[in-house]
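> What follows is the residue order along each chain.
Number of protein chains: 2
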Amino acid sequence: MTYFVYIAIERKEAILDPQGKAIEHALGSLGFREIENTRVGKLIRLSVDAANPDEARSIAEQASGKLLANPIMESFSVIQVKTEPGLR
Amino acid sequence: MTYFVYIAIERKEAILDPQGKAIEHALGSLGFREIENTRVGKLIRLSVDAANPDEARSIAEQASGKLLANPIMESFSVIQVKTEPGLR
Numbered sequence: 023m024t025y026f027v028y029i030a031i032e033r034k035e036a037i038l039d040p041q042g043k044a045i046e047h048a049l050g051s052l053g054f055r056e057i058e059n060t061r062v063g064k065l066i067r068l069s070v071d072a073a074n075p076d077e078a079r080s081i082a083e084q085a086s087g088k089l090l091a092n093p094i095m096e097s098f099s100v101i102q103v104k105t106e107p108g109l110r
Numbered sequence: 023m024t025y026f027v028y029i030a031i032e033r034k035e036a037i038l039d040p041q042g043k044a045i046e047h048a049l050g051s052l053g054f055r056e057i058e059n060t061r062v063g064k065l066i067r068l069s070v071d072a073a074n075p076d077e078a079r080s081i082a083e084q085a086s087g088k089l090l091a092n093p094i095m096e097s098f099s100v101i102q103v104k105t106e107p108g109l110r
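Protein chains in written order, with the numbering used here: chain A, 23 to 110; chain B, 23 to 110.
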């Protein structure tokens, strides 16, 4: 069965995020004064062939640890495992 | 009150994703044969000063439509509104 596994990869809070800062300034110029801070991360969707959702999650976590995330600067978390694409 | 709003930005299915393809091949080389398809999107976290979660969500949706997402190639969705950072 194919599972769609969504992985969120975020920079750790202590790491500067220039892309987030750029968006923050642009939103300020557009008049969004309520938006105080912006950070940009990656959202990776894997299609995993696995027997059950737990196995799909475990494969996605291994892939994140080995290739997708940089453990020094980033943290990752599996945010969704579903049989159909799309976040909720 | 400050709300942390997470926005997922994904390319539409019909749009090619070269970064996703590159990851797919790299995962194949590492032996992850169960992973069939990979797509990469953006995950944006906004800190929004709002009276309630619905207002925070609405501001984030306006910001996404005006600046963050390219409506031709991408679709966006607010995936979480919380008073603390971190996806679940």
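Among the hints, erroneous ones may be present.
Identical copies look the same in the list; a pair holds intra-copy or inter-copy alike.
To be verified - Restricting the straight-line Cα-Cα distance to at most 27 angstroms, the calculated cross-link-like pairs of lysine-lysine (BS3-like) are:
no., residue 1, residue 2
1, 88, 64
2, 88, 104
3, 104, 43
4, 104, 64
5, 64, 43
Calculated directly from the structure, the hints in this document are not laboratory data. Only a predicted model underlies this, so the values are computations on that prediction, with no experimental measurement involved.
> Against this structure, judge whether each hint is valid.
Hint check results:
| no. | hint | verdict |
| --- | --- | --- |
| 1 | 88 <-> 64 | both (16 angstroms within a copy, 20 angstroms between copies) |
| 2 | 88 <-> 104 | within (22 angstroms within a copy, 30 angstroms between copies) |
| 3 | 104 <-> 43 | between (33 angstroms within a copy, 21 angstroms between copies) |
| 4 | 104 <-> 64 | both (19 angstroms within a copy, 19 angstroms between copies) |
| 5 | 64 <-> 43 | both (16 angstroms within a copy, 15 angstroms between copies) |
When held up to the earlier numbered hints, the structure conflicts with none and fits them all.
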